[in-house]
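Listed below are the residues making up each chain.
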Amino acid sequence: MAGPTVLLPGTDVAARIEASVAGAVEEAHEGWVRIRPDRLLEAARFVRDDRALDGSFLNSLSAVDRYDCFEVVYNLTSMAHNHQFAMKVRAGHDDPVLPSVVSIWYGAHLQEREAYDLLGIRFEGHPDLKRLFLWDGFPGHPLRKDFRQLPGGFSPGLQRFPKEDPNAWGGEFRAD
Amino acid sequence: MPIKTEPFIVNIGPQHPSTHGVFRMRVTLDGEIITDAEMVVGYLHRSMEKLAEERTWTQNIPFTDRMDYLAAMTGNLSYCLAVERLAGIEVPERAQVLRVLFAELQRIASHAMANGTFINDCGAWQTPLFYMFREREKVLDLFEMTCGARLTLNYMRIGGVAFDIPDEFMPALRALVDELPDRIAEYEQLLVDNEILIMRSRNVGVLPPELAINSSVSGPMLRGSGIAWDIRKADPYSGYDQYEFEIPVGHQGDCYDRFMVRMEEVRQSLRIIKQAMEALPAGRHCADVPLSLRPPAGEIYSRIESPKGELGFYLISDGGPTPFRFHVRSPSLINLTALKEMVTGSSVADAIVTLGSIDINVGELDR
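Residue numbers (my numbering), protein chains in the order written: chain A, 1 to 176; chain B, 177 to 543.
Since the hints were made in silico from the structure, they are not lab data. Built from N, CA and C at the ideal position, the CB exists for glycine as well.
Pair by pair, the computed Cβ-Cβ distance ranges are:
(1) Asp494/B / Gly137/A: 30 to 38 Å
(2) His81/A / Asp317/B: 41 to 49 Å
(3) Ser103/A / Val524/B: 29 to 37 Å
(4) Gly459/B / Gly3/A: 23 to 31 Å
(5) Arg447/B / Leu7/A: 28 to 36 Å
(6) Tyr245/B / Ser20/A: 40 to 48 Å
(7) Gly137/A / Pro178/B: 42 to 50 Å
(8) Arg310/B / Pro4/A: 33 to 41 Å
(9) Arg148/A / Ile374/B: 50 to 58 Å
(10) Ser103/A / Phe345/B: 45 to 53 Å
So that you can see chain A by itself, here it is in the shape it has in the complex (with noise of 0.2 Å):
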């Protein structure tokens, strides 16, 4: 395990990915490697089982508001290896819709449901897409670049926040 951990050429992981998914690659830079999104699963699937890649370790997951497109950057780790390298994602500004890879690294899951409620990336097949720290109801996805303040100005107190729907979570209120 000794360091220091090494960057993968994006090109390399491009080469590898190619190889075996053929046709999954959009662009390879340096220090990362861009996948078509309706490839995004199989290309996933296979850099988090080969040998070589080895991507078990999904580092962190962020998604970037590029004004045009919404990316989403995958960080991957070989422990055994020793070894990262950056995977991207690219969807579409006005109604961004990308695969779920919770299936394949479990770790995404709150992080994906963070990109939901920031960005307002949807990730389809996941299994319990929700906000994460807004409430239901929160008008926007803060973290947009166009997102600059709250439509309809900003009201102290607590009417902003909806009282919980106790249905939503199959329960009543008791007061006892």
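With chain A fixed as given, assemble chain B onto it according to the hints.
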């Protein structure tokens, strides 16, 4: 005669001492056995990632104090390191050693808090917690004499540290380093073979190693599950490759193993501190960095081993005075991914112990 029970839902938290902040766990119970658990967070969400996009690179350092306020040093360090790697800034030798020194002191303070509250959750009401606080207090005194603050330190800067250590620092640190081994021995005598603690935490909240890796768990939780992975060894930063220390691992992945890993890590931190005290060179404590720093356009994912786990920053620069994207990989949030798997099938009392052994910090969880 079989007795039929009906599942019912209980909210643990958000205002409850065992939730370590405003954290809420909504559990479905069948009798006393948990059949489903769901976490509800966001009570402490301060939208730091959005705010950080409006502030300069240097102005963002205080945000990292307020994430994990029990380990502000490592928050500072992780962010400053990420910016330095992005901008290609060399840190002076003395600043590197001071950073290691303070990061390890912070680890001792944070682990003392984690283990103290964990034993508190196990039912040893307050006494061990205040024993642990005794040592944490001395570490905080050292921080106070160096940078004036005890919790939100704001000590590290891009390119080094804010102040050099004062004259009275080294004697106080030497006294602490001489005293701590006896204290650790005292805790071990009190706790490690304690029948009640073992009964309460052995085979509780077991996390198998495969699930630990697949759910991106890091830090003492990952090592408690038997995986010797420590970023200080695997990807050394700030000159950690020059220090000798070992990585303690657990065997069963239960709450007791996580407790023991933290206990042993305090001892290893002490080893690093002793070596850093010897190695501390003379020189400058901060490099020359322009106040209006503009790192070249690019992106970086940089991580360090914080007391809670892998604390990473994903930063994108567009060449401007503020970050284009400031994303925090917070260990407190991601370590909770496997919470449902760990508590399902156990009783409510065991779920409290499991949550205590994860060592979350809600400030960092919600950001």
